[in-house]
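If you want the building blocks of each chain, they are given just below.
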Amino acid sequence: METFINPKSLFHLLLLPCLLLYSSIAYNSSPVEAAMHTNNWAVLVCTSRFWFNYRHMANTLSLYRTVKRLGIPDERIILMLADDMACNTRNKYPAQVFNNENHRLNLYGDNVEVDYRGYEVTVENFLRVLTGRHETAVPRSKRLLSDEGSHILLYMTGHGGDEFLKFQDSEELQSHDLADAVKQMKEKHRFKELLIMVDTCQAATLFNQLQSPGVLAIGSSMKGENSYSHHLDSDVGVSVVDRFTYYTLAFFERLNIYDNASLSSLFSSYNPSLLMSTAYYRKDLYKRRLEEVPVTNFFGSVMETIHTDAAYKALSRRNSGRFEDEMSLDQSVHHIERRMLIKVNDGYEIHDINPEGEEGASKCPWSTFRNKFQKAENVDSLVNYGLVAMIPLLVISTWLVQ
Amino acid sequence: MAEISEAPDSDSSKLFGSDSKAPQRPDSEPEFDPKLMRKTKPGLKRLFLTFSVLFSFLLGFPFLWKSVEIYRSPLPFREIDSLSTQLRSDTLLFPLHFHALFVGFDSDPDRLRWSILSEITKLTSQNPKCSDNYTLSVTVDLGSRCLRGRTSSPHSSSYQCGSVTGGDFVQNDDVAVDERLASVFGGKNNEYSMAVVKGVSERAVVGKYRHAWMVVGDGSDVEMAVVKVAEVLIKVFINGGREEGLIRNEFMPVGADGKIVLSFNLLNADPHDWVYDWDFEKIDDTLLTPMIEALGPVANISVESQVLYHTPKASFSYWNQKLESYVFSTKDLPFFVNSNEWHLDTSIAAGGRSKILQFAVYVPSAKECPLLLQLPNGEISKTNGFISPDLENMFEVFIGQFRQLFGFKSLNVYTGASGDWNLLPSERGFTEWELDVLSRQHTCFNLHSCATTLGSLSRLVQSLPRMIIKDEIGKQVKLSLEAAKLALSNASSGVYESSAASSSQARSLAEDAFFHPSIMSVSYYSFEHCFAVYSPFFLPVSMHVVLAALRELRRYKQEKAKYLAWKAKANTAT
Numbered sequence: 001m002e003t004f005i006n007p008k009s010l011f012h013l014l015l016l017p018c019l020l021l022y023s024s025i026a027y028n029s030s031p032v033e034a035a036m037h038t039n040n041w042a043v044l045v046c047t048s049r050f051w052f053n054y055r056h057m058a059n060t061l062s063l064y065r066t067v068k069r070l071g072i073p074d075e076r077i078i079l080m081l082a083d084d085m086a087c088n089t090r091n092k093y094p095a096q097v098f099n100n101e102n103h104r105l106n107l108y109g110d111n112v113e114v115d116y117r118g119y120e121v122t123v124e125n126f127l128r129v130l131t132g133r134h135e136t137a138v139p140r141s142k143r144l145l146s147d148e149g150s151h152i153l154l155y156m157t158g159h160g161g162d163e164f165l166k167f168q169d170s171e172e173l174q175s176h177d178l179a180d181a182v183k184q185m186k187e188k189h190r191f192k193e194l195l196i197m198v199d200t201c202q203a204a205t206l207f208n209q210l211q212s213p214g215v216l217a218i219g220s221s222m223k224g225e226n227s228y229s230h231h232l233d234s235d236v237g238v239s240v241v242d243r244f245t246y247y248t249l250a251f252f253e254r255l256n257i258y259d260n261a262s263l264s265s266l267f268s269s270y271n272p273s274l275l276m277s278t279a280y281y282r283k284d285l286y287k288r289r290l291e292e293v294p295v296t297n298f299f300g301s302v303m304e305t306i307h308t309d310a311a312y313k314a315l316s317r318r319n320s321g322r323f324e325d326e327m328s329l330d331q332s333v334h335h336i337e338r339r340m341l342i343k344v345n346d347g348y349e350i351h352d353i354n355p356e357g358e359e360g361a362s363k364c365p366w367s368t369f370r371n372k373f374q375k376a377e378n379v380d381s382l383v384n385y386g387l388v389a390m391i392p393l394l395v396i397s398t399w400l401v402q
Numbered sequence: 001m002a003e004i005s006e007a008p009d010s011d012s013s014k015l016f017g018s019d020s021k022a023p024q025r026p027d028s029e030p031e032f033d034p035k036l037m038r039k040t041k042p043g044l045k046r047l048f049l050t051f052s053v054l055f056s057f058l059l060g061f062p063f064l065w066k067s068v069e070i071y072r073s074p075l076p077f078r079e080i081d082s083l084s085t086q087l088r089s090d091t092l093l094f095p096l097h098f099h100a101l102f103v104g105f106d107s108d109p110d111r112l113r114w115s116i117l118s119e120i121t122k123l124t125s126q127n128p129k130c131s132d133n134y135t136l137s138v139t140v141d142l143g144s145r146c147l148r149g150r151t152s153s154p155h156s157s158s159y160q161c162g163s164v165t166g167g168d169f170v171q172n173d174d175v176a177v178d179e180r181l182a183s184v185f186g187g188k189n190n191e192y193s194m195a196v197v198k199g200v201s202e203r204a205v206v207g208k209y210r211h212a213w214m215v216v217g218d219g220s221d222v223e224m225a226v227v228k229v230a231e232v233l234i235k236v237f238i239n240g241g242r243e244e245g246l247i248r249n250e251f252m253p254v255g256a257d258g259k260i261v262l263s264f265n266l267l268n269a270d271p272h273d274w275v276y277d278w279d280f281e282k283i284d285d286t287l288l289t290p291m292i293e294a295l296g297p298v299a300n301i302s303v304e305s306q307v308l309y310h311t312p313k314a315s316f317s318y319w320n321q322k323l324e325s326y327v328f329s330t331k332d333l334p335f336f337v338n339s340n341e342w343h344l345d346t347s348i349a350a351g352g353r354s355k356i357l358q359f360a361v362y363v364p365s366a367k368e369c370p371l372l373l374q375l376p377n378g379e380i381s382k383t384n385g386f387i388s389p390d391l392e393n394m395f396e397v398f399i400g401q402f403r404q405l406f407g408f409k410s411l412n413v414y415t416g417a418s419g420d421w422n423l424l425p426s427e428r429g430f431t432e433w434e435l436d437v438l439s440r441q442h443t444c445f446n447l448h449s450c451a452t453t454l455g456s457l458s459r460l461v462q463s464l465p466r467m468i469i470k471d472e473i474g475k476q477v478k479l480s481l482e483a484a485k486l487a488l489s490n491a492s493s494g495v496y497e498s499s500a501a502s503s504s505q506a507r508s509l510a511e512d513a514f515f516h517p518s519i520m521s522v523s524y525y526s527f528e529h530c531f532a533v534y535s536p537f538f539l540p541v542s543m544h545v546v547l548a549a550l551r552e553l554r555r556y557k558q559e560k561a562k563y564l565a566w567k568a569k570a571n572t573a574t
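So the sequences go chain by chain: S and Z. If you use UniProt numbering, the first sequence corresponds to residues 1 to 402, in order. If you use UniProt numbering, the second sequence corresponds to residues 1 to 574, in order.
Honestly, the hints are just simulated from the structure, not real lab data. There's no promise every hint is true.
As the list claims (entries may be wrong) - Below, simulated EDC-like cross-link-like pairs (lysine to aspartate or glutamate); rule was C-alpha separation at most 20 Å, straight line: (1) 282/Z - 390/Z; (2) 142/S - 512/Z; (3) 355/Z - 304/S; (4) 355/Z - 75/S; (5) 186/S - 284/S; (6) 259/Z - 332/Z; (7) 331/Z - 259/S; (8) 382/Z - 332/Z; (9) 166/S - 124/S; (10) 313/S - 179/Z; (11) 313/S - 390/Z; (12) 313/S - 285/Z; (13) 355/Z - 74/S; (14) 235/Z - 420/Z.
Bear in mind that the values here come from a model prediction, so they are computed numbers and not experimental data.
Let the sequences and hints guide you as you build the complete structure.
Below, the structure is given as structure tokens:
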């Protein structure tokens with residue numbers, strides 16, 4: 001007679017509850033759910049100065065324009081330009097920066113908000129922007145105020161080399177510094193996903209030391225390769241754009257704000273023979289598949305909106321009858337006076353608007369003069385009055401002297 | 001050196017040599033070889049000199065070491081770890097006391113208590129971070145006498161028998177009933193009361209303070225009432241009327257320094273058509289100040305406002321003949337905010353870590369007037385378009401939006417699984433029980449955030465042994481830990497407001513310490529840097545000093561050996 005319980009079945013019997021236990025443990029110890037994607041940020045850095053590095057400025061400004069066009073507002077863009085090309089004395093087209101010799105597009109048109117300019121673009125400031133460790137006096141527009149649900153695009157261009165990026169011709173950002181900053185950002189949950197794009201020589205070495213999850217990085221060239229400029233603009237006199245950025249922009253010019261082209265299509269659009277270098281990207285730290293990620297996840301911004309269904313009707317009950325204020329509508333004139341009054345008060349204070357013409361028109365000239373004097377917010381007119389008053393004095397004194 | 005030392009020997013040998021012409025010495029004097037022997041004991045002066053130099057170097061070395069030491073303020077790593085483990089292991093418990101009063105029912109209070117508790121356990125979800133420790137007491141008021149159930153809490157119920165009768169609920173004025181019940185129940189900080197009354201018309205209302213009441217018809221049975229009671233206690237009083245109780249980090253409306261800046265903007269799209277202005281100070285005094293005071297423990301709120309001109313919007317609307325107005329849909333809402341022209345982000349009051357909430361009122365140009373928003377279901381939104389400028393209505397919508405950011409809906413009805421409850425609104429924008437919910441949730445969130453931040457800071461500091469840590473950081477960490485301990489003790493004793501305030505302070509101090517501007521990896525000196533700075537001077541000098549000492553020692557030993565050899569020879573000769 002065979003015994004019913006033999007070792008094998010015993011093993012299977014034991015295995016089943018173990019599996020159940022394991023699955024329940026696994027379920028209970030599942031990590032905290034991932035944050036939702038709420039906003040997009042862009043940090044665009046141009047690290048070179050001097051006129052012959054015009055193309056780096058044009059690279060950064062072109063990307064700035066693209067990112068703004070696709071929806072990221074200025075409040076969420078940190079633009080760092082190490083030098084001023086638009087108002088450079090060697091610029092034949094003042095206040096204009098082009099990225100193509102056909103001069104069709106002026107990148108420095110209107111609405112360019114540069115956050116860090118000139119000598120403020122240093123390695124220290126760059127790392128402070130990334131980690132968030134600013135002095136207390138630094139204004140909000142210069143801070144990266146991202147949170148757990150932010151996707152950040154970090155674009156750097158300039159001169160670089162093996163594991164470093166040159167800043168301002170005098171200092172370097174090393175790859176381990178960048179990796180350290182990204183690690184601290186991840187530690188403090190300052191981003192959900194980060195896309196690093198680097199357009200320099202030997203760009204791929206800059207993100208060799210990255211370890212943090214959620215980071216995707218693409219560089220314009222690999223170790224030992226240079227990145228080249230695209231073409232020379234004989235009118236301006238320097239090269240106006242780099243190849244990697246040129247082809248990136250060509251990809252984006254075909255997109256509009258509603259498109260959902262994926263990151264893999266962007267990455268595969270780079271042709272090594274046209275770039276004259278190999279665009280290398282690193283996706284081992286990035287969990288999602290590139291085919292599923294639309295480029296607008298990083299380059300654009302389509303916000304989610306929530307509609308407020310109801311107003312909170314507590315106040316009408318209490319305040320009915322007591323509170324009769326309305327917004328005052330002043331269609332009748334005095335636009336100019338209103339605006340002058342506003343200009344005088346500090347723009348962020350709120351003041352009562354007294355309708356100008358309602359002060360009783362006093363017959364007494366002294367009081368009207370005094371009122372005018374008190375209301376003379378225009379310093380120029382006061383000076384004019386003073387000068388006019390001095391002329392009779394001058395006449396009298398010359399007459400007395402003679 | 002050897003030459004000099006040899007010189008006296010050669011001199012002495014010369015002396016001897018000159019003396020050799022003198023009468024011959026007796027043969028008893030042994031042979032003297034100046035290379036191997038010397039007649040006088042070698043002096044210690046040179047050895048003393050060189051060794052004193054070496055010794056002074058060695059003596060100065062600790063002082064040098066101390067002078068290049070990195071100043072690191074000692075951080076209480078162990079306490080930080082213990083705070084994290086304390087928060088992770090024993091979940092934060094908020095003590096709550098529920099009191100259920102049944103008027104006009106003839107039931108056993110203990111049985112009622114048991115059935116309410118069983119309903120409650122069905123409804124409570126597992127909240128891993130912070131949970132509530134509730135106790136329940138039931139009173140049945142039979143008019144003439146009261147039956148009080150057994151209760152596990154030390155709270156003695158302060159309810160006077162007979163204070164609440166069915167007659168109180170006859171008239172349909174919820175506000176008056178609410179005030180009456182408030183005077184009866186008292187409404188202390190963590191006690192929530194529920195009155196179930198038998199009456200004529202069915203009604204279920206949650207008041208502004210910390211109580212709710214339900215009027216049930218004659219025919220209904222007490223079990224249904226029990227289900228509804230349990231639902232309102234858990235879903236409304238504990239969870240605040242929302243499904244999940246957790247706050248997600250990206251939706252946290254309060255900034256890391258515990259401040260919120262409310263920025264109100266009135267946007268005139270085209271001032272050539274018309275210009276609108278508002279009397280903001282009056283609104284601030286009457287509508288906003290009570291709400292800001294009520295939210296004091298949760299966040300430090302400041303208010304700003306501005307009026308902007310020439311602010312067109314970026315999306316387009318189309319003319320709808322049926323509604324006789326311009327309509328734009330929610331699909332265009334994300335593009336409505338024209339950030340290029342709308343300079344909303346110009347606040348000076350907000351610090352780097354506050355959150356700014358911007359509320360904008362858009363006055364369209366004459367070309368696009370009237371402008372309505374169409375919802376995806378085809379209806380026109382009632383809360384977004386106002387034909388006539390009425391500030392009160394507008395600010396009610398603002399308060400509704402503000403409450404939405406905190407997770408509260410503004411409909412005056414809570415639709416639960418077992419029925420509807422009317423929610424009475426409060427003039428302060430938030431009712432007392434809503435403020436309790438906020439205090440509890442924000443305390444929980446702030447404490448966890450503080451613990452994680454301090455943990456990250458301690459890990460960071462320990463991983464960079466050569467980074468300077470200023471005193472300020474140490475002080476901020478200590479104060480943050482103290483505030484966190486205070487918040488924990490207040491939370492466990494049920495004082496929600498002060499625990500919310502302390503927890504917010506703890507979080508803000510922890511963030512200040514972590515984001516202190518001196519913690520920058522580029523500015524601390526690595527060991528290679530130290531070595532490169534000090535070695536060009538100290539290496540050659542120390543090499544020379546040590547070599548000199550060694551050479552002097554070797555020379556002394558040689559001379560001593562020579563002297564001893566001579567002495568031995570002299571001894572053997574005599």
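For each hint, the structure was consulted:
no. : hint          : result
1   : 282/Z - 390/Z : holds (14 Å)
2   : 142/S - 512/Z : holds (18 Å)
3   : 355/Z - 304/S : holds (19 Å)
4   : 355/Z - 75/S  : holds (14 Å)
5   : 186/S - 284/S : holds (16 Å)
6   : 259/Z - 332/Z : violated (31 Å)
7   : 331/Z - 259/S : holds (15 Å)
8   : 382/Z - 332/Z : holds (17 Å)
9   : 166/S - 124/S : holds (13 Å)
10  : 313/S - 179/Z : holds (19 Å)
11  : 313/S - 390/Z : holds (14 Å)
12  : 313/S - 285/Z : holds (18 Å)
13  : 355/Z - 74/S  : holds (17 Å)
14  : 235/Z - 420/Z : holds (12 Å)
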